[in-house]
Amino acid sequence: MGDIRVKDKYTIKGDVKFTKTHEWVLDEGGVWNYGVTNYASVELGELAYVELPAVGDTFSEGDSMGIIEALKAVSDFYAPFDCEVVEANSDLEDDAAPITEDCYGEGWIVKVKPTNGTDSLISPEEYAKQVEKEVEEGSH
Amino acid sequence: MGENYAHPYLANSKQDIEEMLEYLGIKDVEELFSDIPQEIRFKGKLENIPHYNSEYELAEAIKKKLSKNISTRDVRSFLGGGLLDIYMPAAQDELVRRTEFYSAYTPYQPEVSQGTTQSLFEYQSMICELVGMDVANSSLYDWATAVGEAALMASRITKRIKFLYTKAIGPNREAVLKNYVTGAKMELTKVPYDEATGKMDIVKAKELMDDTIAGIYIENPNFFGVIEDALEEIINDAHEKGVKVVLGVDMNSLALLKPPGEYGADIVIGEGQSIGGGPLNFGGPLLGIIAMNFNKRETRQMPGRLVGLTITSREGERAFANTLQTREQHIKRERATSNICTNEALVALSAAIHLSLIGPEGYKDTAETMYLSAHYLAAELEKVGVKRVFDTEFFNTFLLDLKIPKKKKKEFTDFMLDRKIFAGIPISLDGETLDYLVTTSYLLCEKDLDDYAKALEEWRNL
Amino acid sequence: MYRQAKYDEPLIFELGKKGRKGHLPPRCDFARDKIRIPEHMLRTTPPELPELHEGEVMRHFIRLSHMNYCIDIGPYPLGSCTMKYNPKINETIARSEKMMYLHPDQPVESVQGLLEILYELQVALGELAGLPYTTLQPPAGASGEYTGLALIKAYHDDHGETQRDEIIAPDSSHGTNPASTVMNGLKLIEIKSNEDGRVNMDALKAAVSDKTAGLMLTNPNTLGIFESEIIEMSQIVKEAGGLLYYDGANFNAIVGKIRPGDMGYDVLHFNLHKTFSTPHGGGGPGSGAVCCNEVLEPYLPVPTIEHDKEKDFYNFNYDRPKTIGKLHGYHGNIAIALRAYAYIAALGEKGLRHTAEQAVLTANYMMRKLEKLDGFRLSHNPALPRKHESVLEATPFLRNYDVSGMDIAKMIISRGFHAPTVYFPLIAHEAWMVEPTENENKDSIDRYVQAVAEEMEKAKKDHNYGHDAPKWSAVGRIDDAYSVRNLVLSWKMMKEKKEE
Numbered sequence: 001m002g003d004i005r006v007k008d009k010y011t012i013k014g015d016v017k018f019t020k021t022h023e024w025v026l027d028e029g030g031v032w033n034y035g036v037t038n039y040a041s042v043e044l045g046e047l048a049y050v051e052l053p054a055v056g057d058t059f060s061e062g063d064s065m066g067i068i069e070a071l072k073a074v075s076d077f078y079a080p081f082d083c084e085v086v087e088a089n090s091d092l093e094d095d096a097a098p099i100t101e102d103c104y105g106e107g108w109i110v111k112v113k114p115t116n117g118t119d120s121l122i123s124p125e126e127y128a129k130q131v132e133k134e135v136e137e138g139s140h
Numbered sequence: 001m002g003e004n005y006a007h008p009y010l011a012n013s014k015q016d017i018e019e020m021l022e023y024l025g026i027k028d029v030e031e032l033f034s035d036i037p038q039e040i041r042f043k044g045k046l047e048n049i050p051h052y053n054s055e056y057e058l059a060e061a062i063k064k065k066l067s068k069n070i071s072t073r074d075v076r077s078f079l080g081g082g083l084l085d086i087y088m089p090a091a092q093d094e095l096v097r098r099t100e101f102y103s104a105y106t107p108y109q110p111e112v113s114q115g116t117t118q119s120l121f122e123y124q125s126m127i128c129e130l131v132g133m134d135v136a137n138s139s140l141y142d143w144a145t146a147v148g149e150a151a152l153m154a155s156r157i158t159k160r161i162k163f164l165y166t167k168a169i170g171p172n173r174e175a176v177l178k179n180y181v182t183g184a185k186m187e188l189t190k191v192p193y194d195e196a197t198g199k200m201d202i203v204k205a206k207e208l209m210d211d212t213i214a215g216i217y218i219e220n221p222n223f224f225g226v227i228e229d230a231l232e233e234i235i236n237d238a239h240e241k242g243v244k245v246v247l248g249v250d251m252n253s254l255a256l257l258k259p260p261g262e263y264g265a266d267i268v269i270g271e272g273q274s275i276g277g278g279p280l281n282f283g284g285p286l287l288g289i290i291a292m293n294f295n296k297r298e299t300r301q302m303p304g305r306l307v308g309l310t311i312t313s314r315e316g317e318r319a320f321a322n323t324l325q326t327r328e329q330h331i332k333r334e335r336a337t338s339n340i341c342t343n344e345a346l347v348a349l350s351a352a353i354h355l356s357l358i359g360p361e362g363y364k365d366t367a368e369t370m371y372l373s374a375h376y377l378a379a380e381l382e383k384v385g386v387k388r389v390f391d392t393e394f395f396n397t398f399l400l401d402l403k404i405p406k407k408k409k410k411e412f413t414d415f416m417l418d419r420k421i422f423a424g425i426p427i428s429l430d431g432e433t434l435d436y437l438v439t440t441s442y443l444l445c446e447k448d449l450d451d452y453a454k455a456l457e458e459w460r461n462l
Numbered sequence: 001m002y003r004q005a006k007y008d009e010p011l012i013f014e015l016g017k018k019g020r021k022g023h024l025p026p027r028c029d030f031a032r033d034k035i036r037i038p039e040h041m042l043r044t045t046p047p048e049l050p051e052l053h054e055g056e057v058m059r060h061f062i063r064l065s066h067m068n069y070c071i072d073i074g075p076y077p078l079g080s081c082t083m084k085y086n087p088k089i090n091e092t093i094a095r096s097e098k099m100m101y102l103h104p105d106q107p108v109e110s111v112q113g114l115l116e117i118l119y120e121l122q123v124a125l126g127e128l129a130g131l132p133y134t135t136l137q138p139p140a141g142a143s144g145e146y147t148g149l150a151l152i153k154a155y156h157d158d159h160g161e162t163q164r165d166e167i168i169a170p171d172s173s174h175g176t177n178p179a180s181t182v183m184n185g186l187k188l189i190e191i192k193s194n195e196d197g198r199v200n201m202d203a204l205k206a207a208v209s210d211k212t213a214g215l216m217l218t219n220p221n222t223l224g225i226f227e228s229e230i231i232e233m234s235q236i237v238k239e240a241g242g243l244l245y246y247d248g249a250n251f252n253a254i255v256g257k258i259r260p261g262d263m264g265y266d267v268l269h270f271n272l273h274k275t276f277s278t279p280h281g282g283g284g285p286g287s288g289a290v291c292c293n294e295v296l297e298p299y300l301p302v303p304t305i306e307h308d309k310e311k312d313f314y315n316f317n318y319d320r321p322k323t324i325g326k327l328h329g330y331h332g333n334i335a336i337a338l339r340a341y342a343y344i345a346a347l348g349e350k351g352l353r354h355t356a357e358q359a360v361l362t363a364n365y366m367m368r369k370l371e372k373l374d375g376f377r378l379s380h381n382p383a384l385p386r387k388h389e390s391v392l393e394a395t396p397f398l399r400n401y402d403v404s405g406m407d408i409a410k411m412i413i414s415r416g417f418h419a420p421t422v423y424f425p426l427i428a429h430e431a432w433m434v435e436p437t438e439n440e441n442k443d444s445i446d447r448y449v450q451a452v453a454e455e456m457e458k459a460k461k462d463h464n465y466g467h468d469a470p471k472w473s474a475v476g477r478i479d480d481a482y483s484v485r486n487l488v489l490s491w492k493m494m495k496e497k498k499e500e
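Protein chains in written order, with my numbering: chain A, 1 to 140; chain B, 1 to 462; chain C, 1 to 500.
For the record, the hints were derived by calculation from the structure and aren't laboratory data. Backbone N, C-alpha and C define an ideal beta-carbon position, used for all residues, glycine too. Be careful, since some hints might not be right.
[Claimed, not checked] To list a few chain A residues with every Cβ distance to chain C over 10 Å, as calculated:
#  : residue
1  : Arg5
2  : Ala48
3  : Tyr49
4  : Val55
5  : Asp57
6  : Ile67
7  : Phe81
8  : Val86
9  : Asp95
10 : Ile122
11 : Lys133
[What the hints assert, rightly or not] Straight-line alpha carbon distances no greater than 20 Å define the calculated EDC-like cross-link-like pairs of lysine to aspartate or glutamate that follow:
#  : chain 1 : residue 1 : chain 2 : residue 2
12 : B       : Lys407    : C       : Asp319
13 : B       : Lys364    : C       : Asp202
14 : A       : Lys129    : A       : Glu43
15 : C       : Lys322    : C       : Glu294
16 : B       : Lys383    : B       : Glu432
17 : B       : Lys408    : B       : Glu380
18 : B       : Lys410    : C       : Asp312
19 : C       : Lys350    : B       : Asp28
20 : B       : Lys64     : C       : Glu91
21 : C       : Lys17     : B       : Glu361
22 : C       : Lys211    : C       : Asp158
23 : B       : Lys64     : C       : Glu109
24 : B       : Lys167    : B       : Glu432
25 : B       : Lys206    : B       : Glu233
26 : B       : Lys14     : C       : Asp480
Please model the complete structure; the sequences and the hints are all you need to start from.
Given below as structure tokens:
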């Protein structure tokens with residue numbers, strides 16, 4: 001499934017799943033890769049720092065796993081489902097730019113193992129609709 | 001508002017007002033207050049707002065009231081407790097009195113505020129030199145609140161909520177620490193000191209430390225003036241257990257004493273008033289110091305404003321600006337490292353100017369003078385039979401074993417005041433009698449010290 | 001025509017030479033004994049402090065001062081900051097020996113003159129507040145907020161209502177509000193403002209419960225709009241068992257005309273460095289006096305300053321069993337409080353009232369003039385009157401010309417004026433928060449707005465002009481991202497970086 005473009009500004013990747021809190025996840029065989037979406041990184045702007053969780057940390061769905069610091073704002077990133085952190089992209093602590101430049105690739109944040117199913121994820125189409133709605137509500 | 005009310009602090013004359021009212025299409029400025037319900041308008045008269053009709057009368061009236069005070073320039077002051085009676089060079093006051101520095105705002109437009117930002121960067125740097133660390137912020141309110149902030153910082157870094165602190169802490173600092181940690185629900189435990197030496201009890205300290213402790217706060221010299229010279233074991237133990245070591249220092253003592261950055265402190269705090277931040281000013285404004293070694297993750301837990309070096313849009317140009325602002329309240333709001341917004345910037349600038357004027361030699365000379373004066377005084381007092389409570393090495397402060405009954409406090413105070421002496425800070429260790437915490441500043445001379453010893457000899461012979 | 005001075009001024013560490021002396025401190029050459037500190041505790045490497053002679057130190061800091069804008073150069077219409085003139089007599093008064101050379105641990109008999117002034121100040125502030133009990137101990141506004149919230153919490157705890165741990169505040173509030181709330185161990189319940197920028201009464205009604213400790217609200221709010229339903233709000237909160245906290249940052253709009261106590265507030269803080277003219281100092285020191293009513297009086301920080309009328313004696317009262325304790329090592333920023341006292345006494349009741357009136361008039365004049373510029377619009381319901389400050393949005397300018405509110409700010413500082421507060425409050429877009437204060441008049445505002453208009457015209461023709469601003473400041477546009485990515489926070493770190 002191909003990528004979706006919203007408002008000619010944001011790319012919704014076609015081959016991953018999403019959360020309502022602007023993160024993407026990809027099942028890599030039991031362990032899921034995770035990052036924030038292109039919409040989130042574009043909206044945050046230039047990034048200053050990422051506070052990552054530690055390997056072994058466990059979270060319930062919706063818990064804040066860490067913080068992304070932009071220059072003039074901060075944003076949490078949330079657990080997509082009940083999970084345990086198996087790997088964290090510590091390179092981001094030196095330089096958070098990959099999140100801006102390649103949020104679905106080099107900008108991956110953590111790899112997590114689900115501990116209780118992955119039901120609340122949404123499809124690219126659903127996420128694209130959500131982004132469109134938020135963009136429309138935001139501008140005036 | 002129709003009358004012609006003029007005042008030097010009000011920019012608008014009757015004509016200005018009329019012109020603006022006309023532009024706005026209204027008759028009276030009250031129309032701009034029309035959305036305020038009548039029932040909350042104040043219709044009475046404020047009876048107790050002081051007022052003087054001229055600048056001359058204002059100045060004279062205040063001068064008259066203040067003249068009732070006795071200042072430390074009228075007597076010989078042996079008061080310390082973290083503050084120091086300093087001399088501010090005329091050049092320092094002239095610079096601090098420059099309106100470009102004092103009437104400037106926080107440098108939120110750094111391009112036109114390089115005076116503030118560069119001088120604060122220089123201040124931060126000087127503090128780092130004194131304490132032996134990489135990073136110091138551009139001020140907290142005072143030493144007492146710095147203790148509180150350091151405890152919260154240690155907790156955020158370690159994710160632990162228990163905190164240890166020296167029993168030999170200044171009581172004001174203890175009081176503020178207790179307040180600062182209530183919100184985070186931290187648990188505080190005192191680490192006792194050896195009754196004979198006044199130094200921190202090593203065995204007890206190690207006993208109290210484990211992996212639930214966020215940090216341990218040690219003062220060196222401690223509140224009683226005692227130099228803690230056996231901290232190595234405690235600090236090693238702390239680090240093994242992941243406990244942050246917070247050192248509260250006398251900034252002047254660092255001219256002689258090894259800086260805490262060189263013996264394992266994680267966070268250093270102190271009071272900048274005593275290194276030239278400003279005169280005593282009855283205890284405010286002061287200058288809270290906090291410093292640490294640079295660590296990407298942990299430095300982001302430092303509270304307060306931080307000035308950093310950066311570049312600009314102009315090729316090859318460097319500049320200074322507040323950085324890591326995302327730690328602060330205006331961005332992180334309820335997750336800020338601290339609620340601090342306004343700090344003590346001008347006092348920090350003042351300290352930087354002071355240190356620039358006195359230089360490393362002046363810094364060392366004044367420290368040596370204070371040290372030697374205190375030791376001279378202690379020796380003279382011993383000659384007249386007055387000893388120190390703790391027979392341990394000290395910098396410029398010691399606790400005098402006077403044991404004056406509490407009900408005789410006023411008598412003693414008046415006795416010493418008659419001899420033009422502020423004798424020291426009364427401290428009660430046993431709850432019934434008073435010992436006196438004596439500090440020598442570098443403004444005191446041999447005669448002053450002799451007079452103090454003589455006075456005490458007289459008192460004891462009463 | 002404006003050019004800010006520019007010197008490529010080295011860091012003071014890059015100046016001077018070994019052996020130069022800037023000051024001779026007193027040296028009592030007696031008993032030059034040896035230092036008896038144990039060897040392992042001795043400092044071996046002296047600190048690298050500058051070695052300059054007095055004239056060099058003067059030159060360095062004078063040149064730095066030339067690269068600093070200040071209120072004595074031009075307007076600073078920073079919304080929420082109340083940047084007003086700092087009377088010079090206050091600096092002279094504060095340099096009295098009988099103020100500077102007082103140690104807080106002196107016998108209280110020796111500071112009666114100072115305590116008389118502080119007591120008078122406390123009473124005056126209490127009257128202006130309509131909340132008679134005052135503490136001068138908080139050394140800044142944020143500390144005052146912490147104090148006021150702590151008083152509220154202490155009250156509820158004292159009445160066995162420890163479940164009350166929620167503070168309600170609008171989404172327009174200043175960042176110190178939620179930060180101070182959390183520092184007290186309380187939870188912030190943020191309620192959305194309605195479309196005209198005021199507290200949404202339904203949201204407020206929904207937010208109160210038996211967990212409500214209080215409502216934290218500045219009035220007028222951060223948009224400069226008066227919350228005219230404050231009496232109803234106060235009733236809603238009080239009926240639910242909560243108390244009201246007034247953030248005094250915007251007091252300049254109402255000083256002498258309306259008293260927060262009369263609006264139903266129980267406690268407030270004043271920013272003495274805002275409404276009461278004490279100098280901002282490049283970031284501080286300030287002072288955050290707190291006033292409260294008899295409900296919260298028992299919990300005030302210790303000690304309180306009291307006056308024995310019979311003996312005409314001022315004293316510190318430490319016997320306050322319900323006190324929240326101390327917020328500051330001593331009694332607060334006393335030398336700052338003295339300046340505020342002098343300011344109040346120079347104006348008196350009438351002068352203070354005129355201050356509020358002129359502040360509101362100039363703010364409205366400036367707002368209407370800026371509103372007319374192509375590219376600005378008033379945030380939130382233009383029909384509502386504003387008080388001492390207003391929030392304009394540069395969104396139309398950004399949309400049409402690709403030049404932002406920040407870019408306009410950078411252009412105006414290049415004209416010898418200071419920009420207003422940009423990008424606050426968060427509920428406005430491309431916000432320009434403008435507060436001229438009574439320190440500006442028609443002439444100065446006209447000049448300011450004229451400059452803004454001219455700059456915006458230039459940017460319309462070429463958006464790069466906006467992006468490249470400021471042009472005539474000492475340094476060019478600061479690269480914030482670079483500073484964060486390449487952290488250099490001291491001379492020590494600078495040297496280490498050079499070595500790399």
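Going down the list of hints, with the structure as the test:
| no. | hint | result |
| --- | --- | --- |
| 1 | Arg5 | holds (21 Å) |
| 2 | Ala48 | violated (4 Å) |
| 3 | Tyr49 | violated (7 Å) |
| 4 | Val55 | holds (25 Å) |
| 5 | Asp57 | holds (22 Å) |
| 6 | Ile67 | holds (14 Å) |
| 7 | Phe81 | holds (26 Å) |
| 8 | Val86 | holds (28 Å) |
| 9 | Asp95 | violated (7 Å) |
| 10 | Ile122 | holds (25 Å) |
| 11 | Lys133 | holds (18 Å) |
| 12 | Lys407/B <-> Asp319/C | holds (17 Å) |
| 13 | Lys364/B <-> Asp202/C | violated (65 Å) |
| 14 | Lys129/A <-> Glu43/A | holds (17 Å) |
| 15 | Lys322/C <-> Glu294/C | holds (13 Å) |
| 16 | Lys383/B <-> Glu432/B | violated (26 Å) |
| 17 | Lys408/B <-> Glu380/B | violated (24 Å) |
| 18 | Lys410/B <-> Asp312/C | holds (18 Å) |
| 19 | Lys350/C <-> Asp28/B | holds (17 Å) |
| 20 | Lys64/B <-> Glu91/C | holds (17 Å) |
| 21 | Lys17/C <-> Glu361/B | holds (13 Å) |
| 22 | Lys211/C <-> Asp158/C | holds (15 Å) |
| 23 | Lys64/B <-> Glu109/C | holds (16 Å) |
| 24 | Lys167/B <-> Glu432/B | holds (19 Å) |
| 25 | Lys206/B <-> Glu233/B | holds (9 Å) |
| 26 | Lys14/B <-> Asp480/C | violated (45 Å) |
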